[in-house]
Amino acid sequence: MKKEMILFSLKQAVNNKNIMNSDEIIEKIRDYIFDEKIQESDVRHLVDKLYPPTEDEEGNEILFEIMPLDVVREKQIERLKEKCSNTIFEGFTATNGHTYGFNYHDQMNFTQQRTEILNGNTSDVMWKTKDAGVINHTVDEFNQVMEDGKNHKLAQQQKYWNLEQQILNATTKEEVMSVEW
0 MKKEMILFSL KQAVNNKNIM NSDEIIEKIR DYIFDEKIQE SDVRHLVDKL
50 YPPTEDEEGN EILFEIMPLD VVREKQIERL KEKCSNTIFE GFTATNGHTY
100 GFNYHDQMNF TQQRTEILNG NTSDVMWKTK DAGVINHTVD EFNQVMEDGK
150 NHKLAQQQKY WNLEQQILNA TTKEEVMSVE W
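Residue numbers are given in numbering that gives the first Met the number 0: position 31 of the sequence shown equals residue 30, and the series is strictly consecutive.
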């Protein structure tokens, strides 16, 4: 009787919530257990036996087998979004052969420098590269660097949008997980 009650509670918990790991399952099961004779250790043992945990890239426990397809999609899209941002923030190599930082602050600084150029407040731009330190750029050269940065960011965004669409079109969890950055 105890095992059947736990199984029933487990199914109820899984069907009613988007549950991601065994701790969440046990927490939700508590809401459905009315028999005080059922111990958490009994529930933990059965959950671990029925749904062996897997781990994501960060080592977080995920019960892939019981996650609904839409949750798997959402999680994979979140991973790709993070990889897209990280790739953008890693920087880019401009057409002049130099590598430039492009994290959040770098992008703000590029925008500020563009404003200075548009206002006619500068003729040359001293800018730090990742590979050669601070170098001098003419306005035309720096405008090209900014264009290269914009193209770098847009290329990553377009890659993300394409991969996101592949995930949304996928019909199985395995197809979703096969979409990689």
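Careful, some of the hints might be misleading.
The list that follows gives simulated cross-link-like pairs (lysine-lysine, DSSO-like), each with its CA atoms no further than 30 Å apart [as the list claims (entries may be wrong)]: (1) Lys74 / Lys127; (2) Lys129 / Lys158; (3) Lys80 / Lys172; (4) Lys82 / Lys152; (5) Lys158 / Lys127; (6) Lys149 / Lys172.
To be clear, the hints were calculated from the coordinates, so they are not data collected in a lab.
Status of each hint after checking the structure:
no., hint, result
1, Lys74 / Lys127, "violated, 36 Å"
2, Lys129 / Lys158, "holds, 24 Å"
3, Lys80 / Lys172, "holds, 18 Å"
4, Lys82 / Lys152, "holds, 12 Å"
5, Lys158 / Lys127, "holds, 28 Å"
6, Lys149 / Lys172, "violated, 34 Å"
Of the hints listed earlier, those the structure fails to meet are numbers 1 and 6, in rising order.
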